[in-house]
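In the order they appear, the protein sequences are chains A and B. Per my numbering, residue 1 is the first one in the first sequence, and the count goes up by one each step. Per my numbering, residue 1 is the first one in the second sequence, and the count goes up by one each step.
It should be emphasised that the hints constitute simulated quantities derived from the structure, not laboratory data. Keep in mind that the hints are not guaranteed to be accurate.
Unchecked claim - Here are the in silico distance ranges between beta carbons for each label pair:
no.	chain 1	residue 1	chain 2	residue 2	range
1	A	Ala258	B	Gly236	41 to 51 Å
2	B	Pro141	A	Met6	44 to 54 Å
3	B	Arg159	A	Tyr144	46 to 56 Å
4	B	Ala155	A	Val134	53 to 63 Å
5	A	Ile222	B	Ala173	19 to 29 Å
6	A	Pro128	B	Val274	44 to 54 Å
7	A	Ile126	B	Leu180	47 to 57 Å
8	B	Gly232	A	Arg163	38 to 48 Å
9	B	Gly145	A	Arg283	31 to 41 Å
10	A	Ser74	B	Gly224	30 to 40 Å
11	B	Leu273	A	Val59	33 to 43 Å
By construction, the Cβ of each residue, glycine as well, lies at the ideal position given by its N, Cα and C atoms.
Now for the letters of each chain:
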Amino acid sequence: MFSGFMTNTWIVATVVAGIAGVVGFFVVLRASAFPAHAIPNGAFAGASGAALLGVNALVGLVVFAVLAALGIGSLGRRGRHDVATALALVMTLALGAAFLSRTTEYAPEIFALLFGEILGVSASEILPVAALGVVCLVAVALLYRPLLLSSVVPEIADARGVRSRHMELAFLVVLAFATAMTVPVVGALLIFSLMIGPPAAARAFTPRPLLAVALSIGIALITMWAAVASSYATNWPIGFFVGTISGLAYALGRAWTAWMPTHRSPGGTTSPAARLRERITGRLAV
Amino acid sequence: MSWIVEPGFFASPQVRTAVVIGGLTAVVSAVVGTFTVIRGQSFAGHALTDASATGGSGMTLIGIHPLLGFACGAVAGAGAMEAVGVRHARGRDLATGVVLGVSIGLASLFLYLDTTTTATTGATRHILFGSIFATAPSTVPLVAGFSVASLGGIAVVYRPLLFASVNADIAAARGVPVRLIGLTYLLALALAVGLSSLAVGAILSTALLIGPPASALRLTKRVGRALLTASGLGIGATWLGVLLAYDSADWLPGHNGLPVSSFIVAVIFVVYLVSGVAVRRATRGRVGAAPGLNLDRRATSRHRALHPPGEEPSCSPGS
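Could you put the whole structure together from the sequences, leaning on the hints where they help?
If you want it as structure tokens, here you go:
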């Protein structure tokens, strides 16, 4: 399980889980599960387009993911994000279907793009994935404070001169980079699952943002490693394990919030979102 | 005529089935989808299409008709969302995402088992992207039955549903059973989604559910008119898509046409963009022309006319 070609898989899976843990924290804060689901689907269309043109798949993934992100950002003006996201999603998928009908790719390869394939990682893929990962991390580190403010307390962020629209676009582009690199491993359909289950659980355990990010990375790593190991052992698609283990993490977080009375704050607010908000506004007031 | 409609278009039995099933699907999706858009539940609508794909692939695995599987999957997904669901809009997004993630995970397993046990490698492509041309004519009665059930469900709860969709707080204060109405609506949505999954594929059925209603709600502020417009747009887009896909076989070398779903979605997308441009032209300079806002105002004013102000409960919009 740890020898030969599997070494590449373990390295890439670890990088992917780390990025998903960090970016996913903001996906959960901003309630952006739908864009996080739609953008990788756009990336899938890009990969099939790249296969048609004979270009490197990663180029297609990045270009289409960024296009989908910008499409969602610009179509969804005035807050009606869900309709714009749905339409961007179906449009990119329709393109993907059209591209696929022109190629002679075998169904298993499409399946791998959609649902992930742990055996398909080659040594040459590690460097670009790691580079994209570093780009994402640097972007999140630079945006950390304004992004956190505009996600949790948008009205205070506005008052402090943080442009919420710019933040939204910037975040969507970061999301696009983060998903583009993960599609070949986890698959277009399930990367968002890794981006919401672990961070949602982490947020339920602690109201401290940095600690929550760290926890989120930890849970995402456990999820991903467990998924790779189970997929290797059973030969079942990795997406199945990522989806169900992430769902399990979310359920654990919900259970923790519901059954931990000692955890309730004096104000009586128990929802993780409300506790985080309380903490950040408290910090700002000091 | 032959340069618009390729010879043999109307004589082809696949085309006839596609026109009937596509039309039915478009109408049901438009009616249900109008409420989906008003309620801001596009994500749930899309998640249900994926849940229905899970059901479809699961039923294919045990050899039952996929349409039944599509519907069962969608209903199970709706139930799970209602069970996990939280009151706040942001929490709802998360809960929907989790249900979606688990159901796609299951779908990937079912599809994998489908392809390895029965060696039908086309199963993935068929269930996800669907093909209206590959539908057997014998499914038409079944599809018609589902359409009637779904439309009937909406018709029964039409007025309270509209009230609860536009402003849930006031509706709840007025004694509308918001939760029950919401569940009935989710079931109708699940049926509609199971149906359109079969017609344009599980993922692309989102297009029929969201596209025409969103365009219609941009063009008109009246819900009744929006329902009609959305149905018309949906049928138009579907039939145009079918026609283009049929014709495309002759544009391209090798008589290998492009997928019909791609054409339908492309038409729907263009209609949405055009409706945006049209509305921006028409409302240039006017303030507060967003459809949701006017719907809200209209429902509230109608409500005020029926019940004079006085003990109006305080409410926060958009919760």
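We went through each hint and held it up to the structure:
Taken as a hint, the range 41 to 51 Å holds for the pair Ala258 (chain A) and Gly236 (chain B), whose Cβ atoms sit roughly 49 Å apart. Evaluation of the 44 to 54 Å hint for Pro141 (chain B) and Met6 (chain A) yields a pass: the beta carbon distance comes to about 52 Å. A C-beta distance of roughly 48 Å is found between Arg159 (chain B) and Tyr144 (chain A), which places it inside the suggested range of 46 to 56 Å. Between Ala155 (chain B) and Val134 (chain A), the C-beta spacing of about 56 Å keeps the proposed range 53 to 63 Å intact.
In this structure the hint that Ile222 (chain A) and Ala173 (chain B) lie 19 to 29 Å apart at CB is violated, the actual value being about 45 Å. The given range of 44 to 54 Å is broken by Pro128 (chain A) and Val274 (chain B), whose C-beta atoms sit roughly 39 Å from each other. Here the CB-CB span from Ile126 (chain A) to Leu180 (chain B) is close to 54 Å, well matched to the stated 47 to 57 Å. The beta-carbon spacing between Gly232 (chain B) and Arg163 (chain A), approximately 40 Å, falls within the hinted interval of 38 to 48 Å.
At roughly 58 Å, the beta carbons of Gly145 (chain B) and Arg283 (chain A) sit outside the given window of 31 to 41 Å. Between Ser74 (chain A) and Gly224 (chain B) the C-beta distance comes to about 31 Å, which sits within the given range of 30 to 40 Å. Separation of Leu273 (chain B) from Val59 (chain A) is about 27 Å and departs from the stated range, judged on CB atoms against 33 to 43 Å.
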